[in-house]
Amino acid sequence: MTLELKNVTIRPCGGCDPLFAPFSLVIPAGGVTTVIGRSGIGKSTLIDFIGGHLPASFEADGQTFLDGREVTRLPAEVRQIGILFQDALLFPHLSVGDNLAFGLARHVRGRAQRRERVEEALKQAGIGGFYDRDPDTLSGGQRARAALMRTLLAEPKALLLDEPFAKLDPERRADIRTFVFEHIRDRNVPVLMVSHDEDDAHAAGGPVLRLDEGQAE
Amino acid sequence: MRNSEGRWLRLGVLGIVTAGLLLPIAAGLWETTRAAFGILPAIGAETPSLGPWQRLWSLPGFGTSLRLTLWTGFASTIAALLLAMSFCAFAHGRMRPGRMARLMVPLLATPHAALAIGLAFLIAPSGWIARLLSPWATGWTLPPEAATVQDPLGLALVLGLMIKEVPFFLLVTMSALSQVKVNEHLAAGRALGYGRGLVWVKIIAPQVYPLIRLPIFVVLSFALSVVDMAIILGPSNPPTLAVAMTRWFFAADTALILPASAAALVQTMVVAGGISLWLLAERFATRFGKSWVRRGGRGVSSGPGLRLAGATAMFLMGLGTMALFVLILWSFAWRWPFPAALPESWSFKAWMRPAGGWSMALGQTVVIGLATTLLSLTLAVAWLEGEDRAGMRRAVWAEALIYLPLLVPQIAFLYGLSVTFLRMGVSGGMVAVIWGQSLFVFPYVMIALSDPWRALDRRMIRAAAALGAGPARRLFAVKLPILLRPILTAAAIGFAVSVAQYLPTLFLGAGRIATLTTEAVTLSSGSDRRVTGVYAVLQSVLPVAAYAAALALPALMQRHRRDTAGVTA
Amino acid sequence: MRFTIFATLSMALASPALAGGWDDTLAAARGQTVYWNAWGGDERTNAFIAWASGELEETHGVTIRQVKLSDTAEAVTRVIAEKAAGQTGGGSVDLVWINGANFQSMKEHGLLYGPFLRDLPNARFLDLSEDSAAVVDFTIPTEGYEAPWRLARFVLTHDSARVPEPPRSMAALLDWATANPGRFTHPSVSNFMGATFLKQALIELTSDASVLQNEATDETFAAATAPLWAWYDALRPNLWRNGETFPENESVQQQMLNDGEVDFAMAFDPAAAAAAVELGLLPDTVRSYAPESGSIGNVSFVAIPFNAAHKEGAMVVANFLLDPATQAHAQDITVLGSYSVLDPANLGEAEKAAFAALPTSPALPSNEALGPTLNEPHPSWMTRIADEWAKRYTE
Chain A
3 MTLELKNVTI
13 RPCGGCDPLF
23 APFSLVIPAG
33 GVTTVIGRSG
43 IGKSTLIDFI
53 GGHLPASFEA
63 DGQTFLDGRE
73 VTRLPAEVRQ
83 IGILFQDALL
93 FPHLSVGDNL
103 AFGLARHVRG
113 RAQRRERVEE
123 ALKQAGIGGF
133 YDRDPDTLSG
143 GQRARAALMR
153 TLLAEPKALL
163 LDEPFAKLDP
173 ERRADIRTFV
183 FEHIRDRNVP
193 VLMVSHDEDD
203 AHAAGGPVLR
213 LDEGQAE
Chain B
4 MRNSEGRWLR
14 LGVLGIVTAG
24 LLLPIAAGLW
34 ETTRAAFGIL
44 PAIGAETPSL
54 GPWQRLWSLP
64 GFGTSLRLTL
74 WTGFASTIAA
84 LLLAMSFCAF
94 AHGRMRPGRM
104 ARLMVPLLAT
114 PHAALAIGLA
124 FLIAPSGWIA
134 RLLSPWATGW
144 TLPPEAATVQ
154 DPLGLALVLG
164 LMIKEVPFFL
174 LVTMSALSQV
184 KVNEHLAAGR
194 ALGYGRGLVW
204 VKIIAPQVYP
214 LIRLPIFVVL
224 SFALSVVDMA
234 IILGPSNPPT
244 LAVAMTRWFF
254 AADTALILPA
264 SAAALVQTMV
274 VAGGISLWLL
284 AERFATRFGK
294 SWVRRGGRGV
304 SSGPGLRLAG
314 ATAMFLMGLG
324 TMALFVLILW
334 SFAWRWPFPA
344 ALPESWSFKA
354 WMRPAGGWSM
364 ALGQTVVIGL
374 ATTLLSLTLA
384 VAWLEGEDRA
394 GMRRAVWAEA
404 LIYLPLLVPQ
414 IAFLYGLSVT
424 FLRMGVSGGM
434 VAVIWGQSLF
444 VFPYVMIALS
454 DPWRALDRRM
464 IRAAAALGAG
474 PARRLFAVKL
484 PILLRPILTA
494 AAIGFAVSVA
504 QYLPTLFLGA
514 GRIATLTTEA
524 VTLSSGSDRR
534 VTGVYAVLQS
544 VLPVAAYAAA
554 LALPALMQRH
564 RRDTAGVTA
Chain C
32 MRFTIFATLS
42 MALASPALAG
52 GWDDTLAAAR
62 GQTVYWNAWG
72 GDERTNAFIA
82 WASGELEETH
92 GVTIRQVKLS
102 DTAEAVTRVI
112 AEKAAGQTGG
122 GSVDLVWING
132 ANFQSMKEHG
142 LLYGPFLRDL
152 PNARFLDLSE
162 DSAAVVDFTI
172 PTEGYEAPWR
182 LARFVLTHDS
192 ARVPEPPRSM
202 AALLDWATAN
212 PGRFTHPSVS
222 NFMGATFLKQ
232 ALIELTSDAS
242 VLQNEATDET
252 FAAATAPLWA
262 WYDALRPNLW
272 RNGETFPENE
282 SVQQQMLNDG
292 EVDFAMAFDP
302 AAAAAAVELG
312 LLPDTVRSYA
322 PESGSIGNVS
332 FVAIPFNAAH
342 KEGAMVVANF
352 LLDPATQAHA
362 QDITVLGSYS
372 VLDPANLGEA
382 EKAAFAALPT
392 SPALPSNEAL
402 GPTLNEPHPS
412 WMTRIADEWA
422 KRYTE
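Protein chains in written order, with the working numbering: chain A, 3 to 219; chain B, 4 to 572; chain C, 32 to 426.
Looking at chain A on its own, in the form it has when it is part of the complex (with noise of 0.2 Å):
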C-alpha cells in the first residue's frame, strides 16, 4: 500500500498565482513522511486535496494514487483515506463511545461485536468505560485519542494528520504523539503528516519534505 502524489499544484481561485511549486512524493506501507513549510503556504490546503475536501473555488493540477490506482476525482467518501484534524471534530450529539461506533467499519456486524470493537478501542486510548460520555466532558488529550481512534476504526487505506497536535497544551503534547504514532505503526499505511513543529517531524521519524514557494506565472 502506498499512497503517491505527482506534480501537484493548488490554487486559491482560477487564475490565482499556486500556493507552492509543484509537489510530488511517495510514501511506503508504514512510512511516516512529514510536509513542513511556512503558516499560510497551504499544508492543510494540500490535505483536503488529498482527502477529497478541497472546497470548490480552488483549482487543483496534479493527481493522487493509493494503491497505484488514481483517486485524484473521486468523491472524498470512497477514497478510504483517513484524516486526524487539528481539532477532534467529535460529534456533539453523539455518546464518545457511539462517535468511534460511527468510524467502525461496515464489515464488523452484530451489535455485540460492534459495541466490543468499540469498548475494546476505547480501552486502547485509556478512555475505557467512556462509551456514554457526552464529548464535551472529555480532557483534550482525551478527545484527540478518541479521535484517532475513530479514524482508525473506520480502516483507511492510508492517514493524513493535520497538525494534529497544534492545539495540544505542551505537557500533553509528547505523550499523545507517542500514543498516535505508536497506533498507527500498528496498521502498516502510508502516513502524511503536515506540521509547522520539527519536533512533530523528529518524532514521526520518517522523511521531512518542505513545501516551497510557488512562482507567478
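What the hints contain is simulated information worked out from the structure, not anything from laboratory work.
Idealized CB from N, CA, C, for every residue including glycine.
Treat the hints with care, since some could be wrong.
As the list claims (entries may be wrong) - Short, incomplete list of chain B residues facing chain A, as computed with Cβ under 7 Å:
(1) 185
(2) 187
(3) 198
For chain A, the structure is supplied; the task is to place chains B and C on it using the hints.
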C-alpha cells in the same frame, strides 16, 4: 445600584407582558371554556352543561374536519421541514446563504392569504398554468373538471402551507447552521467513508434539530389551526376544523357559538396533542437513529435524494413566485377569458378606485402595522435592556412566555378575548386590534432581536461606561445605534406579521377595522379576480417594502460608518 | 290597496308630530358616521354604498362606513357578543343588511331597535298593507323593525354561446345535467344562495307548496321534502366534481361561468349578469332567466340593532334608501340593477319617468322571462333544508 435598577426595569416589563399578553390569553381561554360548557348569558345560556360537546360531536363533518386538520397540519410541516433541511444540504457550498436569504424575502414577507389567492389563481383548473398550456398542449378549450384547489384531500392547502413554510424553515435552519461546524464535520464524516447526504442525515441534521425545535412547533401549531389560507385553498365541505369553527362562530344560528367554543378547546387539544405526538416521535427517532448510527452503515449515496428534494424546494419557490406574479397580472387585467395565456384587454380600473375600498384598508393596515411594531419593539428593547442591566440570562419560563402566543392556537382564545375586551370597554376598534395583534407581533420581534442583541460586543458598553456614560446614554447613544440594522429588521418582521394577521382583526375589530388581509380574504370568495388581485398585491408589497426599508435605511443613515454593518439579524 | 290609502292617510294625519320628530332625527344624525354592516362580496353594492355615503354627507352630514361582511351572521354574532358583555349602548353595528333567518334570530333575542319604519318619511312610497312584500320578510311580519331597500328575484344565468336552450324547470335541469355531467353546480348550501336554489327546487317539486308558508314541523318537512331529496339524489352525481364540493357563493360560481368551468350561474338579482357584463366579468353572450313556473322573490331589508351607537344616522340612511331617486339610481344596471321596492302606485309622474329612462341590456331578463314571483317559505324551512342537506351529503 445597577442591579436594583435593572430589577425594576425587568419587573416593569414583566408586569406589562403579563398584563398585556398573558392575561388576555388566559381570559380569552376562560371565556371560551365557559361557553364550551354552556355558559353564555347573551344568548340565554346560563346553566353549565355538556350540551355543547354533544352538539359538536353530532355536527355533520366534525370527524372529517378533525382528520383533515391533522393530516394537512402534519403533512405540510413534516414535508416542509424535510425539504428545507434537504435543500440546505443540497445548496451548501453551492449557494451563498446571504443570496439565498434575499431570494426568499418576497415569499417570506408575503402574507399567507395573498399567497393563497395567488396560488389559487395559478393552479386552479382555470388557473394560469392551465391557460399557459391550453389549448396547444392540453387540448382544453374549457377548464378541466379537476379538483386542483379546495380538493377533498386538502392537497392544495398542504402545497400552499409548504410554500410559506419551506422558506421559513430554510431561514431558521440557515441561522442554526451558523452555530454548527458544518464544513469540518462534513469533512470528518466523509473521511470516515460516509457520503455527503448521509453525513447531513446522521451528523448535521441531529445537531441542527434542537436549535430549530421551537420554530417547528410554532409552524406545526400554525398549520394545524390556519384559517385564512384554509378558506381559500382548503376543502369546503367539510373544511378543516379551524375553518368550520370560524363558520360556526359567525353562523346565523347563534346557538352554534357554544359548540364552536367547544371546538376551540378541541383545537387547543389538537395542537397540544400534536406537539406531544411530535415529542414522542422525536424520542423514537432518537432511539432508532442511535442504533442506526451504531450499525455504521455507509449505505448508498443519498445524493439523488438530496437533489430531488433540492429540485422540489426550488419548484415550490418557483410556484410561489409565479403565484405572486399572477396576482399582479390579474390586477391589471380587464377581460381575461379561458384559455388565453394573457389578458385580452388591460386596464388600470381596479387600481383607479381607491375610494371604493383599498385606500382605507391600506391606511388602516399601515396604521395598525406601525403601532403594533412600535409597541412590540419598545417592549422588546426594554426587556432586553432589563436583562442587560440585571446581568441575568433569560430563564426558560421567560422564553416559554415569549413563545406562548405562537403556540396556543389563535382561534382558541380570540372569541373569548373579544368578549373580555367588550367587558373592559375596549370594544371593537383600533385599540383592540392593535392590542390583539401585538400578542403575535411581540414574540416575533423579540425572537428576531434577541440574538443580535446578545451578540453585541460587551467591551463597547464597558468602554462607554468607563467614559462616564450612564445606563440611559449607553442604551441610546451606543447600543441602539450599533444595533440599528437588527432593530430595523425586527421591525420589518413585526410589520409583516401584523399585515398578515387575519383572525385577530376579524374577531377584535368588530368588523369596523378592515385591513388588506381581511378584505382580501373576503374578496377571494367574490367574483372579481382583478380587485382581489389589487388587495393581494398591496398586501404583499407592504411587508416587502418594510424589508427593503430595513435594508436601505441603515445604509442611508450611516453611510459614513462601516462597522455597524457587521451586526445583522 | 285600501290599506295603503289607510296607511298614507294615517301618516298624513300624524304628519305634524312626525315632521317634528324627523327634524329632530335629522339634527341628531348630522355628523354621525353610520357603520353599515353589509355583505361585501359584491363590488357594485360596495360602490353603491360608497355613493350613498357621498350623497348623504352632502345633504345631511351623515357618512356611511361599510363594514364588509362575508356573512351577515357575523354582524349578528357581534351584537350578541356586545349584549353578552352588557353593552346596551354605543354598539359597533349601526345598520345591518339583513334577511330571513338572521332577522328572525335578532328579533327573537330582542336585539333590534324599533319599530322605526313608519318614522321614515319615505315609507309613504311603500305598499305597507299587511301581506305586502315590503313588510314581510320570509313570511315573518317585520312589524316596522326593518326597512326594505332592494328587491331580489332568483334567476339562472347561462352563456347562450355554449347553452343556447337552457332547461326551464327543475325536471328539465336534471335531464340536462345528466346529459352534460359536471357542467352544473350550485353554491354551498350553507350559503344563502345555495339554500335558495334548493328552496326554489322544493317549491317546484313538492306536491303542495302552501305548507311551506307555515313553520315546518318534523312531519310536514319529511313529507314536503321527500320529492326534493329524490330529485337531488339523482342530480348530485352529475354535478360539477360529482357534487362532492361546491362553490362558496354565487360570486365564485359566476367566476366559474366566466372561466367556463360550469355552464350556469345563479343570482338573487335579475340584473346581476347584465352588470357583470358591464364590468367585464362575464362575456356579453350571457342571458338570465327564471324557471317557467316562476321564481322566488324577496325584499332585502336593513335593520338597526338595539344598542346601535348612531340610531338617528342609521334611520336617515334607511330613509335615503327609500327615496325614489335613490331607488331609480339603484335600478340602473350600470349602478346596481336591483329592482325598486317602491309601490309604483304611490309614485308621482316625474318619479315614474325616472325609472322609465333607465338604460337596458340584452343580459337583462324581460318581465316575461322573469315570470311570476313565488313567495319565500317560512325561514324554518331554509334552516331545516340546510341542516338536512348537511346531514345527508357531508361525509
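Violated constraints from the hint list, given by number and in increasing order: Hint 1 alone not satisfied by this model.
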